[in-house]
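Dock chain B against the given chain A, drawing on the hints supplied.
Each chain is listed here by its residues.
2 protein chains.
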Amino acid sequence: MSAKPVRPQTAEGRWEEVEEMRYKAEGSAPFRDITRQVLFGDPALACELRYFEMAPGGYSTLERHEHAHAVMIQRGAGRVLVGGRVFDVREHDLVRIPAMTWHQFRAPDDAAFGFLCMVNAERDRPQLPTAEDLAALRRDPDIAAFIRP
Amino acid sequence: MSAKPVRPQTAEGRWEEVEEMRYKAEGSAPFRDITRQVLFGDPALACELRYFEMAPGGYSTLERHEHAHAVMIQRGAGRVLVGGRVFDVREHDLVRIPAMTWHQFRAPDDAAFGFLCMVNAERDRPQLPTAEDLAALRRDPDIAAFIRP
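Each protein sequence line maps, in turn, to chains A and B.
For the first sequence, numbering that gives the first Met the number 0 begins at 0 and goes up steadily by one.
For the second sequence, numbering that gives the first Met the number 0 begins at 0 and goes up steadily by one.
Just so you know, not all the hints are guaranteed correct.
It does not matter which identical chain is used: a pair holds within one copy or between any two.
Said to hold, decoys possible - No more than 20 Å apart at the CA atoms, straight line, and that leaves these computed lysine to any residue pairs for SDA-like:
#1 Lys23 x Val85
#2 Lys3 x Gly56
#3 Lys3 x Ala54
#4 Lys23 x Gly12
#5 Lys23 x Arg6
#6 Lys23 x Ala120
#7 Lys23 x Ile146
#8 Lys3 x Arg78
#9 Lys3 x Thr100
#10 Lys23 x Arg49
#11 Lys3 x Gly83
#12 Lys3 x Arg84
#13 Lys3 x Val85
#14 Lys3 x Met99
#15 Lys3 x Ala144
#16 Lys23 x Ala111
#17 Lys23 x Ala54
#18 Lys3 x His66
#19 Lys3 x Ala98
#20 Lys3 x Arg89
#21 Lys3 x Glu65
Treat the hints as calculated values from the structure; they're not laboratory data.
Here the structure is a predicted model, which means the values were calculated and not measured.
The shape of chain A in the complex, shown without the other chains:
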């Protein structure tokens, strides 16, 4: 953590002294064209604030976990699967991902899509869907079209 109290935005979705990181280890889970930045990861705070950004056509991993996510869309518009439904969301909308709820974010094909995510610093690891979980999710045609392969 920098000692500087202010870290300016340097370009849309980029900040001084904030490292753009890979989303996850390549091959560890399905995802596409998404980066991760930790805006605040401070031992004095019980949560982290991260910024995730997808390039056009990008998506996050379809997953669930015991910990909750508090999300604010920060750049552009996209779609999110949460609580058994697919929602259109846009800049500044709020999204709550409850415990053990399958969720995935998708950028549109023609624009970047970014969101803030507040999460407990101490948390469990995400779970990937089994073949049975995927079959159950795909029973809803909207969800089947959203999660694709």
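Chain B alone, transformed into the frame defined by chain A:
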């Protein structure tokens, strides 16, 4: 907390099912034209995410506390006192308020100014400056001009 996973922004700095609250009890501390909204205050999360907005000319209380603040400017531009300096900040800039650090936010005279603030759900109460604290802060002419009466 609403059971709805998505709460859309309804106007700039306003959200569905999020109550605009007074900043603090009137007379409990100096402040002006500032409101508070809790965007996420969820027992499953160890932090809260709040949104504070000042009308033109508004300001937050000059205060300090043991807990830290993680701030992202969200609307417009303004100024912040933190760590013995006054900074100009604008939309999406990040501001860290460390423990026991005097801080205050001020909107410009001609525009609203809003910021997100992540904070531990369990935290100590803010402390107001004593006459001696104010005299010490005012030794710096930039800070004296900023904190005013």
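Exercise. Between copies, within a copy, both or neither: which fits Lys3 and Ala144 at Cα up to 20 Å?
Worked result: Neither way: Lys3 and Ala144 sit 46 Å apart in one copy and 22 Å across, limit 20 Å.
Problem set entry | Copy assignment of Lys3 with Val85, given that the CA separation must stay at most 20 Å | Cα proximity of Lys3 and Val85: across copies only (12 Å, versus 40 Å in one copy).
Exercise. From the Cα coordinates, with 20 Å as the cut-off, is the pair Lys23 and Val85 best called within, between, both, or neither?
Worked result: neither (24 Å within a copy, 38 Å between copies)
For this session: At 20 Å max between alpha carbons, let me know whether Lys23 reaches Ala111 within a copy, between copies, both or neither.
Result: The answer is within: 19 Å in one copy meets 20 Å, while 38 Å across copies does not.
Exercise. Between Lys3 and Arg84, at a C-alpha cutoff of 20 Å, which is it: within one copy, between copies, both, or neither?
Worked result: Cα proximity of Lys3 and Arg84: across copies only (11 Å, versus 42 Å in one copy).
Exercise. Are the CA atoms of Lys3 and Arg78 at most 20 Å apart within a copy, between copies, both, or neither?
Worked result: between (35 Å within a copy, 15 Å between copies)
Exercise. For the identical chains here, do Lys3 and Gly83 meet the 20 Å Cα criterion within one copy, between copies, both, or neither?
Worked result: So Lys3 and Gly83 pass the 20 Å test across copies only (12 Å; inside, 42 Å).
Exercise. Quick one: Lys3 to Ala98, C-alpha cut-off 20 Å, is that within a copy, between copies, both, or neither?
Worked result: between (35 Å within a copy, 14 Å between copies)
Exercise. Is it within a copy, between copies, both, or neither that the alpha carbon of Lys3 lies no farther than 20 Å from that of Gly56?
Worked result: neither (35 Å within a copy, 26 Å between copies)
For this session: Since the copies are identical, ignore which copy is meant and state whether Lys23 and Arg6 lie within 20 Å (CA to CA) inside a copy, between copies, both or neither.
Result: Answer is neither; intra-copy 25 Å and inter-copy 28 Å both fail.
For this session: Indicate which option fits the pair Lys3, Met99 if close means a Cα-Cα distance not exceeding 20 Å: within, between, both or neither.
Result: For Lys3 and Met99, only the inter-copy Cα distance (16 Å) is at most 20 Å; the intra-copy one is 37 Å.
Problem set entry | Lys23 and Gly12: within-copy, between-copy, both or neither at 20 Å Cα | within (18 Å within a copy, 32 Å between copies)
The structure fails to meet hints 1, 2, 3, 5 and 15 from the earlier list, while all remaining hints are met.
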